[in-house]
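Given the sequences, and given the hints that come with them, work out the whole structure.
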Amino acid sequence: MIMNEICKPDAALARLILPQKPHPGLFYIPSQFALPLIHRGKHYAFHLLTKQLIEAELPLSARVGEGFDPLIEAMFLVPEGKDECTYYESVAKMMRLFGQKKGIPCYTILPTLGCNARCIYCYEEGRKQVTMTPEIVEQTIRYILETRAEGTVKLKWFGGEPLLCPGIIDRVSDALREAGVPFKSSVVSNGSLITPAIVEKMTTRWNVTNIQISMDGAEPDYIVRKHYYADAGQYHFVMDALSRLSAAGIRVSLRCNVDDGNWDGIPKFMDDLRENVAHKDNIGVYFSPLMDVRTGDGELDFWEKVIAARPLIEAAGFRPRAYNEPSMRFKANRCMADGGSIVIEPDGSLYSCEHCPSNGRFGDVFHGVTDEATKTEFCRSDRTREKCRKCPFLPECTSFASCPWTDAHCREMREMLTLDFLKRLIDRKTNTEEPDGDDSVC
Amino acid sequence: MKLKPDFIVQDIDDTQFLVPLGHEAFNGIVRSNSTAAFIVNCLKEETTAEAITDAMCSRYDATRETIAADVEEILNTLRSINALEE
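Protein chains in written order, with the working numbering: chain A, 20 to 461; chain B, 6 to 91.
Quick caveat, the hints were computed from the structure, so don't treat them as lab data.
One should not assume that every hint holds.
To be verified - Below 25 Å or equal to it, Euclidean Cα-Cα: the simulated DSS-like pairs (lysine-lysine) are:
(1) B:Lys49 with A:Lys120
(2) B:Lys7 with A:Lys121
(3) B:Lys9 with A:Lys121
(4) B:Lys7 with A:Lys112
(5) A:Lys112 with B:Lys49
Here's what the structure looks like:
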């Protein structure tokens, strides 16, 4: 036995793709998707496409019958010269086609680009603060009813600050309910407008299951970075809101945007969260380095600090939320843009992604999709950037060249985060560490 | 007869898959063996069972009767998942 399985491969992929048949005469080398690691003196390998984790040492090369056939069958070893990027693209295309529904499964709605904060890092800075008119709201409802996929419709409320417009969320939610359309919602917010009445609406009227709230470190940093138009104690108000949301059963993802300027205040911020957020059960916390960090020379050093800060989150009584860690299931779609979702801007324009440049507009709620080529551009699985074709982390990433999101050291960053994740996973699976409550399980 | 346009043929390495696009009657993926893959490739264009059998006879070393039975079996499988336009 040369490999001990720690985590099984993705079940859906394993049903579809037969084991790779070992061919005598071929020369096998480690797959580009096989990530080797040594942990507590043992050799492991994780396959980033199939998601199988094994205890084994991969040979530099092998032929059939040399004792490595199980590694060949499991695709940890592949024929020398195999174009694994094309193989991945084919698998991704098939899984996307299979998962594709008739109609739109998810709508990201921006009721307004207005915001009560002026975050110093906001990528929407300088954009005109448009809000949906009643006419656009009504047409958005008609558009959803005409184009939705069967089953539960997902609404993602984004902005600007979407909670500046609770009346629009009321109207869309009520209209879907009156039409008998099952729906659930998520919200991306700064949290500063989440009163008890809003939490009540979220649970009873808007069907909110998840919310992402951004905070920017300890109070002095928060005040400077959020730069609210009216500073009215939002730091403590948002902490109360976190507790209310968690107590109401809404899953909260607390995103703490960080860089060198606010990092020193993070221990104080976590202390404040521990003391002021009474109900913590449904709250996951993660640190998200800002774009300046992620495009700069110091990116990897900063990610090391982020990894090392995980115990701070746990010590404060919260669940560290996975961020840029590998998924243990094959995901055909890595983001909203390649998953058939639609972004509706306040003026009714349709986009694939709220981060995409303005030339990504492909229609509006009145006329539907008027530029099919632009819309489908993001769904193509054969647009891998040239520099990414040999990357082991390709299955963990948006695979299309049009994505505007880039890290300066993406491969090294993903390797760092993945190895940290796998070591924790191995400890949990081999019982060398107590469970920590993380939900990222095999 | 012809393969319905809402069934996509996808080749991965030397295996052929038949993937339905949001199909109401069938929710699965068909993995074809080499015989089925040959027949599915024939069905990308308008054809008949007779023509498929002719094409297979020129490629495979078996009696026409055996090949015709294989073709009919696979066509029936494709009919059962509503993949054929006839």
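Taking the hints in turn, this is what the structure says about them:
| no. | hint | in the structure |
| --- | --- | --- |
| 1 | B:Lys49 with A:Lys120 | holds, 23 Å |
| 2 | B:Lys7 with A:Lys121 | holds, 22 Å |
| 3 | B:Lys9 with A:Lys121 | holds, 16 Å |
| 4 | B:Lys7 with A:Lys112 | holds, 23 Å |
| 5 | A:Lys112 with B:Lys49 | holds, 19 Å |
The structure meets every hint from the earlier list without exception.
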